[in-house]
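Visitor: Chain by chain, the residues:
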Amino acid sequence: MSMTTSAAPWAVAVCAGVAAAGSRHVVYVPDNPLSHVLRVFADCHPGLRTTVATREEEAFGIAAGLYAGGVRPTVMLQSSGLGNSLNAFTSLLIPYRIPVLTIISMRGEPGEWNAAQMPMGRAVGAILDAIAIPHETIAAADEAEAAVKRAADLAFTSRLPAACLLSRRMTQQASA
Amino acid sequence: MTATVTRLEATGIVLEALERDPAAPIIASLGHPAYDLFAAGDRPANFYTWGSMGLASSMGLGLALARPDLPVFVLDGDGSLLMNLGSLATIGWTKPARLVVIVWDNGLYGTTGGQDTATAHGADLEAAARAMGIDRSVTVRSAEDLRRAVARALTEPGPWVIVAKVTESRPGVKPSLDYVAIKERFMAAIGSPEAAVAESSA
Chain G
1 MSMTTSAAPW
11 AVAVCAGVAA
21 AGSRHVVYVP
31 DNPLSHVLRV
41 FADCHPGLRT
51 TVATREEEAF
61 GIAAGLYAGG
71 VRPTVMLQSS
81 GLGNSLNAFT
91 SLLIPYRIPV
101 LTIISMRGEP
111 GEWNAAQMPM
121 GRAVGAILDA
131 IAIPHETIAA
141 ADEAEAAVKR
151 AADLAFTSRL
161 PAACLLSRRM
171 TQQASA
Chain H
1 MTATVTRLEA
11 TGIVLEALER
21 DPAAPIIASL
31 GHPAYDLFAA
41 GDRPANFYTW
51 GSMGLASSMG
61 LGLALARPDL
71 PVFVLDGDGS
81 LLMNLGSLAT
91 IGWTKPARLV
101 VIVWDNGLYG
111 TTGGQDTATA
121 HGADLEAAAR
131 AMGIDRSVTV
141 RSAEDLRRAV
151 ARALTEPGPW
161 VIVAKVTESR
171 PGVKPSLDYV
181 AIKERFMAAI
191 GSPEAAVAES
201 SA
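Same order as they appear, the protein sequences are chains G and H. Each residue of the first sequence is one higher than the last, beginning at 1 in this note's numbering. Each residue of the second sequence is one higher than the last, beginning at 1 in this note's numbering.
It is worth saying that the hints were derived from the structure and are not from the lab. Where is the CB? At the ideal position from N, CA and C, for every residue including glycine. Just to be clear, a hint being listed does not mean it is correct.
Ranges of calculated distance between the beta carbons of each label pair, as one might list FRET restraints [unchecked claim]: (1) H/A127 - G/S158: 42 to 52 angstroms; (2) H/R170 - G/P110: 50 to 60 angstroms; (3) H/G113 - G/T90: 15 to 25 angstroms; (4) G/T50 - H/A195: 22 to 32 angstroms; (5) G/M118 - H/G113: 35 to 45 angstroms.
Some, not all, of what chain H presents toward chain G, calculated at C-beta under 8 angstroms [to be verified]: (6) F38; (7) L55; (8) S58; (9) V180; (10) K183.
Take the sequences, apply the hints, and build the full model.
Guide: Here it is in structure tokens:
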């Protein structure tokens with residue numbers, strides 16, 4: 001029933017990192033690369049629950065409630081939605097020290113065709129630095145599981161959000 | 001606006017209904033709803049937000065998904081819910097049976113000086129909730145109706161949205177500004193102590 005052989009290796013690795021981190025509920029606002037991740041969750045991680053949020057700020061609010069209820073939360077979003085979520089980071093997650101494993105599918109990197117993606121895509125790192133959210137860019141499938149797990153460990157021990165940025169160079173790789 | 005109950009009195013009615021359930025979480029939206037919750041009765045299972053306007057119902061949703069064993073109460077404001085109406089769509093989709101979102105609807109941004117909200121000009125939050133698939137949506141205008149609605153919400157599966165028309169109270173006290181202590185006390189009170197979450201992994 002599982003179709004792991006056709007799944008993109010990077011997506012399999014991201015999911016493995018989330019599972020290894022003990023996160024069993026992912027709240028997300030979808031984008032195209034993340035659809036591969038969601039398919040792997042559905043096919044290979046039946047115990048993991050996913051919830052769609054209408055916008056990114058809401059996703060982090062839901063994640064805060066999951067954490068308060070004893071669940072390690074993951075939020076997945078596209079880089080374009082980071083701006084939508086800043087109020088949740090700065091006035092809920094950071095002051096209350098609520099950790100969320102944050103997985104950001106990057107747009108707006110060199111090679112981007114859509115100018116509407118570029119300003120935020122370029123600013124993601126600087127914005128996360130400005131609010132002191134640690135982040136690591138993942139550009140290769142064989143680094144993805146360890147990097148996601150590393151971010152999760154940092155988040156759930158420091159009790160603050162930590163982010164993984166999924167580079168387009170990696171997420172553009174076709175399915176095997 | 002035909003409300004006959006102040007928000008502080010109305011908050012007391014909710015606390016009364018939960019008197020025998022000290023582990024029932026209550027998440028209060030920032031500003032006056034949180035101040036009134038503290039004034040009406042501080043308890044460890046109260047979560048006072050001090051920011052993130054609009055996210056109280058989202059937090060309640062996440063908690064209700066994580067802990068279907070608990071009745072989860074959210075004390076929101078009309079202005080706050082208007083800021084995050086998408087939350088109603090997600091609640092209507094996921095339908096956690098024991099989530100109870102109470103919206104203190106005074107038609108005002110009470111914490112910021114009393115500017116009108118859209119509910120003073122026709123916006124109907126009960127209808128919005130219903131339109132998003134939350135069938136258990138009601139509007140109450142008196143203490144007695146609120147008491148009855150909360151009692152129903154505690155016995156009949158939801159999710160519930162109770163739009164309570166209230167008048168503005170003038171809160172005189174505020175909860176702790178130690179946000180981390182609020183969270184830690186809350187998580188311990190509802191039975192998900194934070195240390196256990198830190199230790200849990202695959």
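Visitor: Sort out which numbered hints this structure fails and list those numbers smallest first.
Guide: As far as the earlier hints go, only 6 is violated by this structure.
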